[in-house]
Amino acid sequence: MSGPTTLTAYRWELRKLASQKRTYIGIGAAALLPILFVVVMAFQKGGPYDAPLGHNLRHTGIALALVVLTFASRFGAQLVTALVAGDIVASEDAGNTLKMILTRSLKRSQILAGKTLASVTYVIALLTALLVAGLVSGLIAWGYNPVTNLSHERISATHALGLSFAALGVFAVPLVAVAAFAIFLSVATRNSAAAIVGALVYALAQEALAALVHLDLFKHYLLSDQLDGWHGLFQTPTYWTPVIRAIWVSAIFTAVPLAAAFALFLRRDVAGE
Amino acid sequence: MSANGAVPLEGRGLRRRYGHVVAVDGIDLTVHAGDIYGFLGPNGAGKTTAMRILLGLLRPDAGTARLFGRDPQHELPEALEGVAGFVETPHFYPYLSGRTNMELFAAFDGGDGRGRIDELLELVELRDRSDDRVGGYSQGMRQRLGLAVSLLRDPKLLILDEPTNGLDPAGIRDMRGLIRRLAGEGMTVFLSSHLLAEVEELCTRVAIINQGRIVYEGALAELHASAAPRYRLRTTDHERARQICAGEPRVRELAGDGDALTFIADEQTVVDLSRRLIGAGLGISALVPETATLESLFFQLTESQTG
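Chain order of the listed sequences is A and B.
The numbering of the first sequence is my numbering, which starts it at 1 and goes up by one.
The numbering of the second sequence is my numbering, which starts it at 1001 and goes up by one.
Chain A extracted, bound-state conformation:
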């Protein structure tokens, strides 16, 4: 018998996600957000001009997705990520399918690795939906024009477009860390609601701590700060410190809960109905 691999588990996790309405609600919401932004701005004079890159709105469509991302990073992105990652193991407990798949030929580690990769893929799909919808609606509304970056330098539209994709990649890293914590809670609590709410509270608590504690040294190493790490890409010259910090701090915030999740999942009993 040819043995199943992590890739087998990953493919089927994607197929399961693709078969559930909830998956499309999150991605649909991410795609709808920039369109709503454009519609609302069309009916009013003001706008979020104080937000990073916000001063570009109405002048170029390139900046829209990143402005929306700034707003989404306060709450929405974490919520949608937690909705999927917090449910990914707990729903198998609740549905009693875990005992079915654990008596097949896949190792427990492969099953959890497949679920983790699927959660990361979902985060990427979510952000891609937001970026693509943001670019399309922004370009239709305000055109393909140069962007004034955070150092007040003008950069070409094509350069800004490339930076937008890079920014999305940097933003994805701390969001994956939120997903990792949600997966840990999903394994530990065996309860989707507890895992989703717990992951959200975890993300919001870091936001609150960052706002309350006025110690930069501490603040810079919270997950919430890493969600703004991409700002460094839109400075001249590129300010790499927050970008690199976003990657390594988020990597720690990802590795610790994931290690705990694997340790628990490999040893845990599978409870009854």
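Hint data in this document are derived by calculation from the structure and do not stem from the laboratory.
Idealized CB from N, CA, C, for every residue including glycine.
Hints may contain errors.
Stated by the list, open to error - Now the stretches of chain B that chain A is said to cover, found in silico as 3 or more residues with beta-carbon under 8 Å:
(1) 1048-1060
(2) 1070-1082
(3) 1086-1094
(4) 1102-1110
We have chain A; now place chain B onto it with these hints.
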């Protein structure tokens, strides 16, 4: 014995407690190749806990389990090679069709079973509904899908938990027929059930578990043979016959049952008793041994311990 000489399923001294409750208390089980092994017990006796330990889903506090010589606690998924089945009701992804669920489980086994999906859907009579979502299946349909998914692994040992739950009478008949057929083809079957008639009809060996302990393990025929023989007596003078039987110290559990008497005695006592009855001028219209049913033996074994 399997190809590697190991018995299909073996548990030794399995013990598991939940808080203060000892669910499984040092049980020993041995399922030999070719057995249709019935695992019987009242609700809460520890059947499911034992099965979960045997499949590696639950860690025992003490004891060891072996599937074809491999330890499901430390050698998963290798220990499950040649083993398939389910504990409690089989569950599936409700938003996927029956066929897609089968494809998923086939993939999780390495993909070899994929080519058998149609054949197995046909076998459990689900082919017509295979493209419907499992969320719309009845419990009986899920039971049948559970069996099909188990057979995807082409197992040598099939572990089934209440496989006829939720099936209509025709479905029960078909499921039992299928189990017999699979066993006839050389598959070893471990069947947990609370349906005594089902176990009596299908199984060759049984284990009876009560309050976490095995109160009997062995051949069903030996269990019947081990039971003290009960006789039914009908005579021309019921009251006089009762007096004679009551006066015989080797007669036990004498009871009236309509116009007949029932009692437990060994064969020699029955011979002596028949002579005394005839000597007293009574006509014997019936003196017949009654085979103990599994039900009566089950209650003897489980209630004597409970009491």
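The hints, checked one at a time:
| no. | hint | in the structure |
| --- | --- | --- |
| 1 | 1048-1060 | holds (count 7) |
| 2 | 1070-1082 | holds (count 4) |
| 3 | 1086-1094 | holds (count 9) |
| 4 | 1102-1110 | holds (count 6) |
When the structure is compared with the earlier hints, no violation turns up for any of them.
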